[in-house]
Structures are given as C-alpha cells and as structure tokens.
Amino acid sequence: DAGITQSPRYKITETGRQVTLMCHQTWSHSYMFWYRQDLGHGLRLIYYSAAADITDKGEVPDGYVVSRSKTENFPLTLESATRSQTSVYFCASRDGMGITGELFFGEGSRLTVL
Amino acid sequence: SQQGEEDPQALSIQEGENATMNCSYKTSINNLQWYRQNSGRGLVHLILIRSNEREKHSGRLRVTLDTSKKSSSLLITASRAADTASYFCATVNFGNEKLTFGTGTRLTIIP
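In the order they appear, the protein sequences are chains A and B.
When we follow this note's numbering, the leftmost residue of the first sequence carries the number 1, and every step to the right adds one.
When we follow this note's numbering, the leftmost residue of the second sequence carries the number 1, and every step to the right adds one.
Some clues are possibly wrong.
Straight-line Cα separation of at most 16 angstroms, EDC-like style, residue types lysine to aspartate or glutamate; simulated pairs [stated by the list, open to error]: (1) B/K98 x A/E102; (2) B/K56 x B/D66; (3) B/K98 x A/D95; (4) A/K11 x A/E107; (5) B/K70 x B/E53; (6) B/K98 x A/E59; (7) B/K69 x B/E5; (8) B/K98 x A/D56; (9) B/K69 x B/D83; (10) A/K70 x A/D53; (11) B/K26 x B/D66; (12) A/K57 x B/E97; (13) B/K70 x B/E55; (14) B/K70 x B/E5; (15) A/K11 x A/E79.
Keep in mind the hints are simulated off the structure, nothing from the lab.
All of these numbers come straight from a predicted model, not from anything done at the bench.
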C-alpha cells in the first residue's frame, strides 16, 4: 500500500535498552522527519533528512540516532532508552520540490519506557 | 522552542456552530499550515497559506493570515461531530526546511 508506515505501533521497553522505530514511505519523498509528541509540548522535531545519507538535528536530538541509507527508510534508534523518552513518535515525509509544503504523517509509534 | 501557539487550548461547541482557532508565532515566516489530528492518529494536512496571502478557503475551512500581527486564524463553519480533533498550526521560516508546530487546540463538537 502506498503511504508512510511506522512500526511498531506500540512498544514497551525498559530503561537502558536499545529501541529502533522504523519508518517506511512509498512516495520517494526526499525529506523525512521524526517528531515526538508530548502533552503540553505539541510536536517537537528530533531529526530530519533531506535525502539519503543526509541527516540533521532538530530541536531535541539528544539520546537519539538516525540513519538513511535508502530514500524510503528512516529508522530512529534510542541507544539507551530513558523514562523521559516515553512518548508518541511520528514519522513524516514530504517532497523536495518548491516551497516547503505539506507533511504526510505516519500513524505514530507509542513508546513506553519503564 | 515552540514557534506557534494556539489559542484557545480547548474549545467545545454545539454541532452546526462555527469554530475559530488562533495561532500566533514569533518570527517571519515563509508559510503557515494547519493540521488536524484525530485521537490516536497521525496528523493530516488541512491547508497552507503563504506569507503573501491574507485569506484562503478550502471547503468549510477559512484561514486568515496577518503577518503584521504574526497571527493566523482557522475558521471551521457549520461544524460536525467528525470535526472533533486537535488542530495544530505549523510555520516554515524563510530558508528553513522544517515545520515548527504549536501545542494545538483541542476541539470538541457536541452533537
């Protein structure tokens, strides 16, 4: 199916464990983004990527690692999960043409760190 | 830090009434966008207004932009129960590739 998919949708892990959230899009969009959503903070940008092998930090990158070896995939890794990383994570993408336009979002990955 | 701040944080109205949400931002923008998020779902793009535009319509949605006041409003006319959701404004600054989101307005339509 065309679109942007995230996996897993729900994840419970323990402090100190490594967790990887996957994001896959089928539009060949050049830009991909990871946001986290927390009550009272709205959506905050963690990392983004303008193309394969090009990534850059957002507003809250500490504790997260990303890679983009293929245009369609943009995994987000929490190398050593902390309770403060309990959140809902959204992946988004957009094309790279013209004015910065609309983002297309995945359904989110709800992560709980115990 | 948040660029956009929505007001009010929460709004409840009767079905059929109009709903107005406001967004204020801090720095000059290239464009401003509005998104809707249904409970437990991802965000969905509603409308984009460029910095040189003052008003835009899409179906029952009307968006205004006042760059002198650094503010925007989203009007939903003839509200329906299905409009119950959170609404976010997002801004794009000149020379920036990123969208910065506000904290959202939670809209509840009472049948």
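| field | Numbers of the earlier hints that this structure fails to satisfy, in rising order | value | 9
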